[in-house]
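Chemist: Chain by chain, the residues:
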Amino acid sequence: MMPVMELDTALLVAAIALGWPLGRYMAGVYGTEPFWARRAAAPLERAIYRLCGICAQEEMDWKRYAVALLLFNLAGAVFLYALMLAQGHLPLDPEGLRGVGAGLAFNTAASFVTNTNWQAYAGETTMSYLTQMLGLGVQNFLSAATGIVIAVAMIRGIARNKAPGLGNFWVDMTRTVLYVLVPLALVFAVILMAQGVPDTLGSYVQAHLIAPFTSGKAVVTHQVIALGPVASQEAIKELGNNGGGFFNANSAHPFENPTALTNFLEMVAMLVIPTALVFMFGRMVRDDRQGWALLAVMLLFFIPLSLASAHFDLAGNPALRALGVTQAHAPALAGGGNMVGVEDRFGVGASTLFGTVATATSTGAANCAYDSFMPLSGLVNLFDMQLGEIIFGGVGSGLATMLAFVIFAVFVGGLMIGRTPEYLGKKIESFEIKMASLSILIMPLLVLIGTAIAVVTAAGRAGVFNPGPHGFSEILYAFTSAANNNGSAFGGLAADSHFYNVALALCVLIGRYWTYLPLLALAGSLAQKARIPASSGTLATHTPLFIGLIAGVVLLVGALNFFPALSLGPIVEHMMRLPSHPVVR
Amino acid sequence: MSVMKTHAAHLEWGQLAQDAVVGSLKKLVPQHQIRNPVMFVVYAGAWLVLALWIRDLVDRRDALAAFTGTLDVWLWLTLLFANFSESLAEGQGKAQAASLRQARQDVQARRLSEARHDASSERVPGTALRPGDFVLVEAGDVMPADGEAVLGVASVDESAITGESAPVIREGSGDRTAVTGGTKVLSDWLVVRVTSAPGDTFLDRMIRMVEGASRRKTPNEIALGILLVVLTLVFLVVTMTLYPYSWYAVHYAVHRGHVVGITVLVALLVCLIPTTIGALLPAIGIAGIMRLMRANVVATSGRAIEAAGDVDVLLLDKTGTITYGNRQAAGFHPAPGIAKEELAAMARLASLADDTPEGRSIVTLAQQLFPREAQPLGADAVLIAFTAETRMSGVDLDGGRLPIRKGAPDAMRAWIGQHGGAWAQELEMTIQLVASRGATPLVVCADTRALGVVELKDIVKKNIRERFADLRRMGIRTVMVTGDNPLTAQAIAAEAGVDDFIAEAKPEAKLARIRAFHAEGHMVAMTGDGTNDAPALAQADVALCMASGTQAAREAANMVDLDSNPTKLLEIVHIGKQLLMTRGALTTFSVANDVAKYFAIIPAAFVGTYPALSALNVMDLSSPRHAILAAVIFNAVVIPFLIPLALKGVRSRAASAKSLLRRNIWIYGVGGLVTPFIGIKLIDVLLTWM
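Heads up: the protein sequence lines correspond to chains A and B, in order.
This note's numbering puts the first residue of the first sequence at 14, with every later residue one more than the last.
This note's numbering puts the first residue of the second sequence at 824, with every later residue one more than the last.
What the hints contain is simulated information worked out from the structure, not anything from laboratory work.
All figures in this text were calculated on a predicted structure; none of them were measured in a lab.
Watch out, some of these pointers could steer you wrong.
[Claimed, not checked] If you only want the chain A side, here are some residues facing chain B, beta carbon under 10 Å, derived:
no.	residue
1	Ala53
2	Pro56
3	Leu57
4	Ile61
5	Ala88
6	Thr234
7	Gln236
8	Met429
9	Val477
10	Phe485
11	Phe559
12	Leu568
13	Met588
[Stated by the list, open to error] Pairwise CB distance ranges (calculated):
no.	chain 1	residue 1	chain 2	residue 2	range
14	A	Arg474	B	Met1513	41 to 49 Å
15	A	Arg299	B	Arg1117	43 to 51 Å
16	A	Asn174	B	Arg1474	33 to 41 Å
17	A	Met14	B	Glu1289	50 to 58 Å
18	A	Asn174	B	His940	26 to 34 Å
[Unchecked claim] If we take Cβ atoms under 7 Å as the criterion, some of the chain B residues that face chain A in the derived model are:
no.	residue
19	Lys1040
20	Val1057
21	Val1073
22	Ala1076
23	Gly1306
24	Pro1309
25	Thr1411
26	Arg1485
27	Trp1489
28	Ile1490
Where a beta carbon is used, it is the ideal one built from N, C-alpha and C, also for glycine.
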């Protein structure tokens, strides 16, 4: 357990140490005051605006902001969809892959545009280099930027005083890509290449096996090793909390995540922008303590959950212990514990931590088979998502959802001190509660109803490989991952069926837009309100007491809804002590 | 002692409770239940379980029928408890409305053809009067409608409205023109211009308010309502999806046990949705208005009460609120060579003819300090009364040979000058000194010699400083409004401990300051009574008008204080905060309760399919059915237990937001988490006994 705690600490220290300056930098990027980076790249920025016909000075109210966002994402989705269908006729396809089927293309387009990156396919056998770069890679940048601008608009709503607008969507998008995502991804891609991640347009290579083996009647002497422009994709996959792997094995693949160092850096990369956004929030509302308070709530969940996940998986499988198999924490056993589905160059501790980071941040990347986790470690992954992606959360969207929960906490807290609730000087009235409710309401409904439909229909049950409550957990996991735009896959579920492609794509789309459009409306309403000066009668929203209140509201209003479903899935799996683990495929 | 309080004494709790029981049964109709979405879910569940119970009876499944039947009884009881709390609160209101209604009799009015005492008149019923009509009321008449006196002076008994038995003066000019329908003229006459339409008099509005007929939901109530509906919706889905989950578990996952029963799911749903706050929410709102009524304040809307909780700036008139009505003598400062006793004695003599409160206070102070010097006047003494023109009063002793005078320094200086006396430098310094303290100096002289200075001071009310300190702790700024010069104002402001003051204030200054506060985002409360206060009252977020105020002020205000006590504003702020706090505290309690209920019902519902889940039965409840019943019973009985809290309101103290929040989170949040674990366990133990 000690090494995991050390790794956890190192990870958080690195994320905060990088997130703090990045947060200040981003506050400058989105601010109105002169800023060195914007001055440096001003000609480029202006050229982009001229080329796209954007009037950078124009302020948008929440409705125009939302419409611009929707149209932009729609255009992206249609382009991506068409690209996948047509890839067989397009260049940069050394392996001669054919066009993607319509159902899968719809699912994938919905999934990548919404920053979910649920993958019902294996990248190396489905997507051409052109699709990977021009389609998926571009959306990795744009969907992350979309999430960030939602948070920026939301923060402006809180920070502005009697303002009609939330900013300009096109300007915010441009700045996000230009000043934040591209530079960070560039640096990280170079580091990954230095560590051995390939980045090539060359075709797959054939390798002679040192030890040929017989499969069926054929003797296998060769292996095809898939390659591609991986490093450039991998960098933004982690930084933008996308999580869609270049290869099917995602970050468990040695070409995506070759070393212990890249494993650590990829975790840091997942955390750095969400952490920076929290600090940016503090900066933009002119009260750094508010940012720290939100970070404290996140850590209050993250640290115990990540340690619990590691603890249960490191404890090993009781069924194996009963058979006298050793799962000792020895270097020779790659750290020991429940090694099923774990890459032995990472070990159990680094794998569960990667799982917690990937599910907490809505990245959904994986460096092991989450399906093979011990039940309660799998539960941590599920729970991270079911909290509504507020522990760090997706780039931007996580902070926005967190702010919706804060609005609830402020409402209850405000009433308890006998005042109309207010957050950072903005009155929280029925419209705000309505919008925050609409936003937070939809995710549990999608997960619970989606799972219910899947378990009662033959099409839904057809995808389940595992009997017992674990099969139920797998379905629950798929819908949880889709509705929360996480994209993490539990495995053990045949998701490339018509039923799951459509059902999960719908969850992905509703989970994204139904959640964030009300928050934009909320931001628009807050922006128009006058800021109320604080006094000793004002509810302070940076104190340990209030941090506890937010955590309580998140648990009671958000997570408690999943208690019955979790009881019938991972909780009962754990209690039955039945190692209902799937065989590694 | 006010009539309201007398009314409250009339409330017989036994009778009220009886009526409330009847009322709660009557409310079991769908038209009423649908108004409260949370309780409507319980209502639908109760009917559903009733149907299931009948099915169980028909199918002769006795053990199951006993369980279903018992559960259904408790569901209906949950509804009755909720209705009871609302009926009880309404009953209190009705009792008060009934006694108000006694004052609203049908009266004959004498309608004048024009606004003259001797104009021709006709007898019409009071209900025929329209705004703009002129009526004549004389001694013994009951005022037929609300209106404004335009002519005459009369003493009026307003006890039916205000509870104050001392008659008040109403006259056709100035700030005391407002008359209220239902009050009685005791002497003289008034010509009144009617301002209210029939059925919309002040009294009617008061009755409507307490009866709750015109009670609209307040902004915070609406917001809270939305939150509760959303929670209910989510829990509805949580419980409904459990049926397919259970079906899957039974038929596909483990092939064991039975699919969870609808009865159990209804039980879980009722336990999870926020029934506690849902049931008590209407009662809390009515109780808030009743608390205000008991403080003898009538709010024209529930919104105003809520706003009172949000107020962070109080504009308080100096006179009457911060200080006692008038300036009073506070000390004697003799000129060089004069004994203090002599100055006091002379000041007393000079003030005997001064009937103003200031004059009387000089006499009182002199007699208190030097009782032996208080000599009676000789027979030849001639009293010179105080007039506004001379600005002095006095007495001529010894047949006019010894004039003694007291008055404002400049008036006295002129008087001494006229009589050939000298104005000493020391005297001038004393005058300056007194004035610089914010007090009023009066000069006393005998013959042509100035004897010294009497200091008149505003006397700040007792304990007002502590109350302002309380307000400051609650984050509320106090601003004193006074017509005094800045120097005087500053001295009193410092003594009373207000945060700020407006000196030499005109009504426009008040209005401007309120606008300025609004621009900074503050919420402002103020009191007022005069017609010239009306614009400021209309601008303020909480505007308290004195019952003695003019009609215009009353119309502009959103609360009327029947006691005409300006200090009441502080109480109203507390009542407003208490209302919100009660809602917040009970919401927190209600939601926090859910954790224990999950632990009671989830293992009970699924232990047949997954025996391993009995590990979640942390309360060690005796059997699945007992566990479910115990949770439902706890959910029901917690409502009557909390009715007193809902009606009385949670304790509101003058404390900072931080300490209030800490206290309420501990009591209602953590308490709400822990209490049901204990309660459900206890009920389970009781069920096992029986």
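Chemist: At the C-beta level, are Met14/A and Glu1289/B separated by a distance inside 50 to 58 Å?
Modeler: holds, 56 Å
Chemist: Holds or violated: the hint that Phe559/A contacts chain B, with Cβ atoms closer than 10 Å.
Modeler: OK, holds: Phe559/A within 10 Å of chain B, min 8 Å.
Chemist: Hold the hint about Trp1489/B up to the distance rule: shortest CB distance to chain A must be less than 7 Å.
Modeler: Violated - the Cβ of Trp1489/B stays beyond 7 Å from chain A, reaching only about 10 Å at its closest.
Chemist: Quick check on the hint: Met588/A CB to chain B CB, less than 10 Å?
Modeler: holds, 4 Å
Chemist: Do the numbers back the hint for Leu568/A, that is, is its least Cβ distance to chain B under 10 Å?
Modeler: holds, 9 Å
Chemist: So, as I understand it, the hint says Gly1306/B touches chain A; can you test that by seeing if any CB pair is closer than 7 Å?
Modeler: violated, 28 Å
Chemist: With a cut-off of 10 Å, does the beta carbon of Ala88/A approach a beta carbon of chain B closely enough for the hint to hold?
Modeler: This hint is violated: Ala88/A lies away from chain B, its Cβ roughly 33 Å from the closest one there, beyond 10 Å.
Chemist: Tell me if the interface restraint on Ile1490/B is satisfied: Cβ within less than 7 Å of some Cβ in chain A.
Modeler: violated, 10 Å
Chemist: Min Cβ distance, Lys1040/B to chain A: is it shorter than 7 Å?
Modeler: violated, 10 Å
Chemist: Verify the interface restraint on Arg1485/B: the C-beta must sit less than 7 Å from at least one C-beta of chain A.
Modeler: With a minimum Cβ separation of about 6 Å from chain A (threshold 7 Å), the hint on Arg1485/B holds.
Chemist: If you check the beta carbons of Asn174/A and His940/B, does the distance land in 26 to 34 Å?
Modeler: Hint violated: Cβ distance 58 Å, outside 26 to 34 Å.
Chemist: Does the Cβ-Cβ separation between Asn174/A and Arg1474/B fall within 33 to 41 Å?
Modeler: Given a distance of about 36 Å, which is inside 33 to 41 Å, the answer is holds.
The structure fails to meet hints 1, 2, 3, 4, 5, 6, 7, 18, 19, 21, 23, 24, 27 and 28 from the earlier list, while all remaining hints are met.
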